[in-house]
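Asks: Sequence:
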Amino acid sequence: MSLATLSRPGIETHRTNMVTYLPYPDSLRNAVGDMMAAWEAFCTLPERDKSKFGYTPDTSFSGAGYELKKVEGKADLKEDFHVRRDKREFLYAGASRVNAPEGFQFLDASFAVYDQLDPLIKAFVEEVESH
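Residue 70 in numbering that gives the first Met the number 0 sits at position 71 of the sequence shown, and the numbers go up by one each step.
Source of the hints: derived by calculation from the structure; they are not laboratory data. One or more of the hints may lead you astray.
[What the hints assert, rightly or not] Computed list of lysine-lysine pairs in DSS-like fashion (alpha-carbon distance at most 27 Å, straight line):
#1 Lys68 <-> Lys86
#2 Lys77 <-> Lys51
#3 Lys68 <-> Lys51
Make the full structure from the sequences, and use the hints.
Replies: Next up, the structure:
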């Protein structure tokens with residue numbers, strides 16, 4: 000994967016402003032769209048089913064799994080899902096507990112985004128290091 004559009008001035012802008020615009024290929028855009036659609040489908044499951052997924056907190060980084068923060072009187076109400084590659088086995092075990100295709104579809108779509116991002120990130124780092 001090449002970052003031909005990341006020119007020397009682009010690298011300089013990164014060094015001075017810490018902002019660089021990277022290509023957003025159609026394949027990645029499609030993978031993100033698929034992931035978003037899979038997340039929306041997962042969110043339609045009943046709360047009791049989604050909660051079977053489980054969540055593993057990690058104080059040194061970020062947890063993994065489905066998280067519903069719904070505490071009365073708290074401003075931080077949210078429903079989210081942390082997808083981490085190092086927790087792949089835990090996540091797919093959670094999808095098995097939920098026993099709904101939406102769980103597997105969301106995980107498959109999420110890991111597909113990682114697969115699309117890897118070569119872009121690698122190319123960006125190599126481009127930065129070569130200047």
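Asks: Now, for every hint given, state plainly whether the structure supports it.
Replies: For each hint, the structure was consulted:
1. Lys68 <-> Lys86: holds (21 Å)
2. Lys77 <-> Lys51: holds (17 Å)
3. Lys68 <-> Lys51: Holds, because 15 Å separates the two Cα atoms, which is no more than 27 Å.
Taken one by one, the earlier hints all hold for this structure without exception.
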